[in-house]
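Chain C is fixed; fit chain Y onto it per the hints.
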Amino acid sequence: MRKEMYGSIARKCLIAVLLVTAAVLLLQTDYFAASGGLPENSAVSPARAAGAAATASAEAAAVLVPRAVMVRTPEGAVSASAWDGEATEQAFRRFAAVMGEALGSAGAPEKLTEPEFRAGMESGCFFVDLGGVFSLGLLSDWLGAGGGGAADMDADMLYLGFSGEAVSLFFRLGRQGFYRCATATQAETLSARMSDFAAERAHFAWEDPRLGGVDPYSVILEQMPALYRVSGASAWDQADPAHLMEILGMNSYVASSYYDADGTLVQMEGGRTMRLTPEGMLYYRSNEPSPGAEKHDLIAAVNQVCRLLRQSAGLTAGDAEIMFSGMEQSETACTVYFDYCVSGVPLRPTEGHAAAVTISDGVVRWASISLRSYSRTEEPETVLPMFRAAAIASVRGETPVLVYADSGEWTRCVWVYEQWRQND
Amino acid sequence: METKRLERIIIITLALLNLFLLLVVLADRAQDRSFRQDTVDSLTALLEEAGVSVGPEAVLIQDCPAQCTVVRDRELEERRIQGLLGRHSSEDLGGSIWYYASDTGQLRMRGTGEMDLLLTGGGIQRGHSQDRAAKGLLSRAGIALYGPVGTEDGETLEYCCKWNEVPVYNAVLSFDFSNSRLYMVSGSIVFNLETENEPGAGMNSVSALVRFLELVRSGAVVCSRIETISAGYVQNVALSGESVLTPVWCIATDGGSCYINAVTGGPVSL
Chain C
18 MRKEMYGSIA RKCLIAVLLV TAAVLLLQTD YFAASGGLPE NSAVSPARAA
68 GAAATASAEA AAVLVPRAVM VRTPEGAVSA SAWDGEATEQ AFRRFAAVMG
118 EALGSAGAPE KLTEPEFRAG MESGCFFVDL GGVFSLGLLS DWLGAGGGGA
168 ADMDADMLYL GFSGEAVSLF FRLGRQGFYR CATATQAETL SARMSDFAAE
218 RAHFAWEDPR LGGVDPYSVI LEQMPALYRV SGASAWDQAD PAHLMEILGM
268 NSYVASSYYD ADGTLVQMEG GRTMRLTPEG MLYYRSNEPS PGAEKHDLIA
318 AVNQVCRLLR QSAGLTAGDA EIMFSGMEQS ETACTVYFDY CVSGVPLRPT
368 EGHAAAVTIS DGVVRWASIS LRSYSRTEEP ETVLPMFRAA AIASVRGETP
418 VLVYADSGEW TRCVWVYEQW RQND
Chain Y
210 METKRLERII IITLALLNLF LLLVVLADRA QDRSFRQDTV DSLTALLEEA
260 GVSVGPEAVL IQDCPAQCTV VRDRELEERR IQGLLGRHSS EDLGGSIWYY
310 ASDTGQLRMR GTGEMDLLLT GGGIQRGHSQ DRAAKGLLSR AGIALYGPVG
360 TEDGETLEYC CKWNEVPVYN AVLSFDFSNS RLYMVSGSIV FNLETENEPG
410 AGMNSVSALV RFLELVRSGA VVCSRIETIS AGYVQNVALS GESVLTPVWC
460 IATDGGSCYI NAVTGGPVSL
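Chains C and Y, in that order, give the protein sequences. Sequential numbering from 18 applies to the first sequence in my numbering. Sequential numbering from 210 applies to the second sequence in my numbering.
These are calculated hints, taken from the structure and not from any lab test. Warning: the hint list may mix true and false statements.
What the hints assert, rightly or not - Partial list, derived from the structure: chain C residues whose beta carbon lies under 7 Å from chain Y:
| # | residue |
| --- | --- |
| 1 | L31 |
| 2 | I32 |
| 3 | L43 |
| 4 | R110 |
| 5 | S122 |
| 6 | G164 |
| 7 | A168 |
| 8 | A201 |
The beta carbon of each residue, even a glycine, is placed where N, CA and C say it ideally should be.
The shape of chain C in the complex, shown without the other chains (with noise of 0.2 Å):
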């Protein structure tokens, strides 16, 4: 009895020994042939929430379009790139760092001439055209760093250049002056990005007498980067309402909806209401109260109307982008707005722009949004010479800019040609 006991539970071990075996040997076969590689990454920490909150800024930041990016370096040596998108953010990441560290660590700006402005760049120096007004706390949050003697000042164009071994910052804003800080970055920092830097050869407008009347700081690029033909669409069909209204905050579950007589639908929850027209158009309205009395956070505001135009907007741009075009603000509120941009070249539609967003206490008030769809073809586009559209410009006392003009039912790259004194 004991003996049949006894073989009867090495039988049911052999078994269950076999099975597992059988396992094993199984998944070895090439039926779950593993991926391979080297051994699984073991210094992953379990906390990544932090991780995931220093990489907000940066998604918020993928917004961020440099209209051209130049560097002069010690030796004398000029690159630039412009209207060329994935160059110019390449460039600008180069020394996106750097520039957020000397941001971060800017001390009290200091007012200048222009003539020390522009002898700050002598000795070499890496500058930014931001392609309109910035508020430099909000790029120094974006770049990573935040803070800095000069956060609650604004900029269209900012360079870094050198003093002696330190980095010093320098911006200005149209004709309310040039500043200079210094900064805690060092200038073999600086440097050290600036070798092997090579890009197309560019002048500033006011290194050329011919150019007198364009912004002085414009990038003359001396040959264009190739241009392609853009075609747009509306994006109406590609628009998920359930999902714009989640962005949103709405409950598509609880919302009531119906259609307008010229096919507008019509979302409604609350004190809130959301309209999506067949042309494409969102628009959104809330008189919700505040969730509480919290301090208006500009950066923090700006931030999260980044992520909701890259989570409405974005997904159904195609071959677009959605970039940072300017902001308002109040003590209370601020508006945000948004242009479309292919390659760096932004497209700028008939009237105003793609997207404004107003925001107040962290609560988006009202919101205006152009959903478009936008391919690059691969037939190329010609447009004049930089320095041709620039001596036109001088004539006229302005700036040229490229852009991708959008009628609604055609799509044309062109230089148009703005007041650059308008910053004022």
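The following block gives chain Y in isolation, referenced to the frame of chain C:
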């Protein structure tokens, strides 16, 4: 009895199944070895056609490390500095630059990944080499080193930082010695917290060698012998406090080292 008979049938069936699977696994392994050898032979022949011989220490078939995004975690950093400097004070200098000070030394850590450490009383213990002193010091901060990759006058040693036991070729730290005393460490480190990991983002060593062959044929690289092939990373600090570790292949030749970006296949200049 029925149960006993059933168990015996199951045991026999499972034993036959195991035998079958074992034969399949052995056949797969033999086939893999054969394929690998064919690949090695073909690649060696291609390289020799181009005038490049392969040294005995060069392992031609290797897998690529994963591409990672790493960020600077201040809490982790404080703990590491504690291991390095002991009890210390911390000061935010702005621009993601932090200054740490203790009786042991002073350290400045930047959001660009650069650091400067000035040590007080950094004497090397009798019997310990400079190499051991350097590695031992950084191991207290949880930083593993690869090298030395360079030396100057016997007083300066250079090492690369490692990430997951893989060297990061442009995260180089210089250890300055004077009169048997380590007094300064400066250079770039790798941030301490991984947020993304993309295995399979890069090409394996075989594809990298094919790219290398193209460079040899075009004249961009001049060499006659491959000594070793090793995987590593190149760090790109995109934003303050955040960087991407891109896998690269380091092909050491008699004409110098050539680095191939494992994601794009292009040459990398360090």
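Now the hints, each set against the structure:
At about 6 Å, the closest approach between the beta carbon of C/L31 and any beta carbon in chain Y falls short of 7 Å, and the interface hint on this residue holds. Evaluation of the C/I32 hint against chain Y yields a held restraint, the C-beta minimum of about 6 Å falling below 7 Å. Here the hint on C/L43 is kept, as its CB sits about 6 Å from the closest CB of chain Y, short of 7 Å. A cut of 7 Å between beta carbons decides the hint on C/R110: the least distance to chain Y is about 5 Å, and the hint holds.
For C/S122, the interface hint holds, since its Cβ comes within 7 Å of a Cβ in chain Y; the closest pair sits about 3 Å apart. Taking 7 Å as the C-beta contact cut-off toward chain Y, the hint placing C/G164 at the interface holds, the least distance being around 6 Å. Hint status for C/A168 relative to chain Y: violated, with the closest Cβ pair at about 10 Å, above 7 Å. At its closest, the beta carbon of C/A201 sits 5 Å from a beta carbon of chain Y; the interface hint therefore holds under the 7 Å criterion.
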